[in-house]
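Student: Sequence:
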Amino acid sequence: MTNLNLMLVDDHEVVRMGLRMLLEHAPDVKVIAEAGSAEEAVQLCSLHQPDVVIMDIRMPPGRSGIDACRTIVERWPQIQVIMLTSFANDELIADAIRAGAVGYVLKQVGTGELIRALEAVRQGAALLDPSITRRVLAMMRQQGENKPDPFKELTERELDVLRLLAEGKSNAEIADALVLSDKTVRNHVSTILDKLNVTNRVEAATYAVGHNIHNYKSSDR
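Using my numbering, the first residue of the sequence shown is number 45, and each one after it goes up by one.
Hint data in this document are derived by calculation from the structure and do not stem from the laboratory.
Careful, some of the hints might be misleading.
Claimed, not checked - So the derived label-pair ranges between C-beta atoms look like this:
#: 1; residue 1: Q87; residue 2: M61; range: 16 to 22 angstroms
#: 2; residue 1: K239; residue 2: S130; range: 34 to 40 angstroms
#: 3; residue 1: R119; residue 2: D193; range: 31 to 37 angstroms
#: 4; residue 1: H69; residue 2: L222; range: 31 to 37 angstroms
#: 5; residue 1: G154; residue 2: D72; range: 42 to 48 angstroms
None of the values given here were measured: they were computed from a predicted structure.
Positions of the beta carbon are idealized from the N, C-alpha and C atoms, including for glycine.
Given only the sequences and the hints, what does the whole structure look like? Please build it.
Tutor: Okay, structure coming up:
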């Protein structure tokens, strides 16, 4: 398996050092760059093209981690951004997801949790910390309650894929469940993102759960 190349972004050097020490225990993971600001993060992404960026959500002064995430995802959509936060601020987490983050973890994360998070990203699964996911999804669900038919553009098969994606399943797991090839699932996911006008699978999953996909019936269309 090839290395997962990481960049660490936090305005506190001690936090970056702690993360680097945790990641020494991760197989096939290599920290290739570190940044202390949002501006530096964008510059280093251009130079190093990491696979994953672990980004502090707040980095005063200047641009926030959310601003940097949005720029990175727009310029280099292949780069996955995981937001790092020390507090469960629902609005900030929702903004990070909308900016294109593939998920978020708390700064108190342990070694095993962080390695599992990176493995989830490697496998293409949604990464949502369970301690704050429920509240964020509830907030986004409330915001979307008045939408008459949030899934009207999707086919039945795309709905099947989205339901599994909303459960945090990887492409391989979705393919097994629906007896499809990995390539077919990737194509469905790409089409779903386009139809829902969302940036990535985490935002799609959040949208799906927020609009109560598991109680949605096509017959209601």
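Student: Now tell me if each hint is right for this structure.
Tutor: Hint by hint, here is what the structure shows:
Range check, Q87 to M61: Cβ separation about 21 angstroms, and the 16 to 22 angstroms hint holds. Between K239 and S130 the beta carbon distance is about 36 angstroms. The supplied range of 34 to 40 angstroms therefore holds. Checked against the given bound of 31 to 37 angstroms, the beta carbons of R119 and D193, roughly 33 angstroms apart, stay inside it. Distance hint check: the CB atoms of H69 and L222 are about 35 angstroms apart, consistent with the given range 31 to 37 angstroms.
The beta-carbon spacing between G154 and D72, approximately 19 angstroms, falls outside the hinted interval of 42 to 48 angstroms.
Checked against the numbered hints given earlier, this structure breaks only hint 5.
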